[in-house]
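Q: Modelling step: build the complete structure from the supplied sequences, incorporating the hints.
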Amino acid sequence: IECRGIVLIVMALSLVSINKKESVSVKKI
1 IECRGIVLIV MALSLVSINK KESVSVKKI
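Going by the UniProt record's numbering, the residue at position 23 of the sequence shown is 23; the numbering climbs one at a time, nothing skipped.
For the record, the hints were derived by calculation from the structure and aren't laboratory data. A few of these clues could be false.
[Unchecked claim] Derived SDA-like pairs (lysine to any residue); straight-line CA-CA distance at most 25 Å:
#, residue 1, residue 2
1, 20, 6
2, 21, 10
3, 27, 14
4, 21, 7
5, 21, 8
6, 27, 12
7, 21, 6
8, 27, 16
9, 20, 7
10, 27, 15
11, 20, 5
12, 21, 11
13, 20, 9
14, 21, 9
15, 20, 10
16, 27, 13
17, 27, 17
18, 20, 8
Just so it is clear, the structure is predicted and the values come from calculations on it, not from any experiment.
A: As structure tokens, then:
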């Protein structure tokens with residue numbers, strides 16, 4: 001269960017980072 005939780009956290013962090021990058025790129029444009 002702990003391993004799965006860590007994987008979910010990593011996935012969530014990656015999604016958040018991608019969203020931030022997209023928002024930054026949109027602001028730059």
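Q: Each hint: holds or not?
A: Right, here's what the structure says about each hint:
Among the hinted pairs, residue 20 with residue 6 is consistent with the structure: their alpha-carbon atoms are about 21 Å apart, no more than 25 Å. For the given pair, residue 21 sits about 16 Å from residue 10 by alpha-carbon distance, which is consistent with the 25 Å threshold. Between residue 27 and residue 14, the direct Cα distance comes to roughly 20 Å. Compliance with the 25 Å bound is thereby established for this hinted pair. Restraint check for residue 21 and residue 7: satisfied, since their Cα atoms lie roughly 21 Å apart, inside the 25 Å limit.
Restraint check for residue 21 and residue 8: the C-alpha separation of about 20 Å stays at or below 25 Å, so the hint holds. About 22 Å separates the Cα atoms of residue 27 and residue 12, which keeps this hinted pair within 25 Å; it holds. A C-alpha spacing of about 22 Å is found between residue 21 and residue 6, which places the hinted pair at or below 25 Å, so the restraint holds. Between residue 27 and residue 16 the CA atoms are separated by roughly 16 Å; this keeps the pair inside 25 Å, and the hint holds.
At roughly 20 Å between alpha-carbon atoms, residue 20 and residue 7 fall within 25 Å of each other, so this suggested pair holds. With a C-alpha separation of about 18 Å, the suggested pair residue 27 and residue 15 falls inside the 25 Å cut-off, and the hint holds. Distance restraint check for residue 20 and residue 5: the Cα-Cα separation of roughly 22 Å lies within the 25 Å cut-off, and the hinted pair is therefore satisfied. Restraint check for residue 21 and residue 11: satisfied, since their Cα atoms lie roughly 15 Å apart, inside the 25 Å limit.
For a cut-off of 25 Å, the pair hint linking residue 20 to residue 9 stands: about 16 Å separates their Cα positions. Straight-line distance between C-alpha atoms of residue 21 and residue 9 comes to about 18 Å, which keeps the hinted pair within the 25 Å bound. A distance of roughly 15 Å separates the Cα atoms of residue 20 and residue 10; the hinted pair therefore holds under the 25 Å criterion. Our distance criterion of 25 Å between C-alpha atoms is met by residue 27 and residue 13, whose separation comes to about 21 Å.
Annotation: proposed proximity of residue 27 to residue 17 holds, straight-line Cα distance about 15 Å (limit 25 Å). Taken as a hint, the residue 20 and residue 8 pair is honoured in the structure, with Cα atoms around 18 Å apart against an allowance of 25 Å.
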